[in-house]
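> In case you want the letters, here they are:
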Amino acid sequence: MLDIPGSLTVNELHELIDLVKSIYGFDFSDYSKASLKRRLLRVMQQKKLSFYDLKHVLINDPAFFQMFLEEITVNVTEMFRDPTFYKALNNQVIPYLSSYQHTKIWCAGCSSGEEVYSLMILLNEAGLRKKSFIYGTDINTEMLNEARKGIYSLRKIKSYAENYQLSGLSGSIIDHFTVLYDAASIHNELKQNTLFSVHNLVSDGVFNEFQLISCRNVFIYFEIKLQERILDLFYKSLAPLGFLCLGTKETIRSDYFRKKFKAINLKENIYQKIGS
Amino acid sequence: MALNQDIIQRWQKSELLLLGGSAGSLKPIFTIVQNVPSNLNKAVLIIIHRKKNFFSDLENLFAENSRMLLKEVNDKDVIDKETIYIAPANYHTLIEKEKCFSLDVSDAVWYSKPSIDVSFESAAEVYKDRCTAVLFSGANQDGAQGLLTLRNSGALTIVQNPAEAEMPEMPQAAIDLKAADYVLDTKDIFQLLKT
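Sequence lines, in order, name chains A and B.
Here the numbering used here = 1-based position in the first sequence + 779.
Here the numbering used here = 1-based position in the second sequence + 503.
Calculated directly from the structure, the hints in this document are not laboratory data.
Predicted model, so just to flag it, every value in this text is computed and none were measured.
There could be a bad hint or two in this list.
Stated by the list, open to error - Each pair of labels, with its calculated beta carbon distance range: (1) Glu-518(B) with Ser-1033(A): 25 to 35 Å; (2) Glu-585(B) with Gln-971(A): 51 to 61 Å; (3) Ala-905(A) with Asp-688(B): 41 to 51 Å; (4) Asp-954(A) with Asp-610(B): 38 to 48 Å; (5) Tyr-875(A) with Gln-694(B): 50 to 60 Å; (6) Ala-1018(A) with Glu-567(B): 14 to 24 Å; (7) Gln-515(B) with Lys-935(A): 46 to 56 Å.
Stated by the list, open to error - If you want the footprint, here are the derived chain B segments under chain A, 3+ residues with CB under 8 Å: (8) 509-521; (9) 569-583; (10) 589-602.
Glycine included, every Cβ here is placed at the ideal spot set by N, Cα and C.
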């Protein structure tokens, strides 16, 4: 295997993190190291780059960086991932939202948009689509372009059929798409009240006030201190009694934030902002 | 056989026990869960291939029959020597150098999420020779490469004898890669874990 390493030392890892931060402004220093390291090694193996080659292309080839960013951030997502979460949202949160004049939702770390459209389908089924607006943000511009298009492979959409059915919604997932050959395009009306833009949870701040923030399976890539900085950002971005949804395996650990977010569903990790 | 001094010593200094398996592994792994003493004083991580959205009572069934605390991994759980952890479905489970878990939803490895390779490889980096791993029955090759990484890092690596595994492919793949320190029958594996 030439000199492509099977491992990176702690120092090499930090050198790469510092390099990316100083040239491109993306700060990975508080990311969970085990999975970051695994993905760095995968890039090196796929592109047949030694540690020194990798540093060289990062310094000299900005076009390489876009590909690199896509590889080292995880963009795997599903529609209606964790169907029981969507069920809980429907039962415990949608009734609240329906009492509001207008609902603004932030889907943080939205990748290629599957979760934004899952939420929009849920709101549509509840008759709330026209008075709702979803902001999808991510650090990855390529993924945001995919999200804006809302076009997925038919095979992929079909693979979400089981999720959809288990989430308790009526009909079938394909009812929300226009199918052309092997592509499935989300219905136009479901795209209307969405906006996708770049936002980096590590470095960017509050940009609006929301009734609901969904940030699922993003915290798993962050160390606890970074998770807490972002919890503070979410707290400041939520309207009083606004909702925060984390991934099924992500929890709020600190006493400080446990007092600021009341768990309304501990299994699905749905919280509500209390205090002010 | 044949629990020699080497295997017993390396087992006893381990701080982490990894149990990986797929089709046909539930029975031997369940037997281990039933039989580990409450004072094992090692953390245990179980990685069994599972289908997402499959609401099995695996966790409850295991918990009811274990003398150690047993739970599904949550992100950033600190690894505790009195707990048996189960890798959750639809995530990879990794180990950080601070000895806590982190989860990852990236692509399946060998069509599997959780992947045994992913957990084994990250455990190798952190625990080195203070780790014992057992690979059981299964119908694909996940786990073999990870077991080799563990072996190269000094961990004690054990493979269930393919001749008695319900699905021999997974243990055989590890043997073919020379990832196994020892190939044992399940009764010897149970015996070792009691020493």
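> Each hint needs a verdict: does it hold in this structure or not?
Each hint, compared with the structure:
| no. | hint | in the structure |
| --- | --- | --- |
| 1 | Glu-518(B) with Ser-1033(A): 25 to 35 Å | holds (27 Å) |
| 2 | Glu-585(B) with Gln-971(A): 51 to 61 Å | holds (53 Å) |
| 3 | Ala-905(A) with Asp-688(B): 41 to 51 Å | violated (57 Å) |
| 4 | Asp-954(A) with Asp-610(B): 38 to 48 Å | violated (28 Å) |
| 5 | Tyr-875(A) with Gln-694(B): 50 to 60 Å | holds (57 Å) |
| 6 | Ala-1018(A) with Glu-567(B): 14 to 24 Å | violated (43 Å) |
| 7 | Gln-515(B) with Lys-935(A): 46 to 56 Å | holds (49 Å) |
| 8 | 509-521 | violated (count 0) |
| 9 | 569-583 | holds (count 5) |
| 10 | 589-602 | holds (count 8) |
Hints 3, 4, 6 and 8, counting from the list given before, are not met by this structure.
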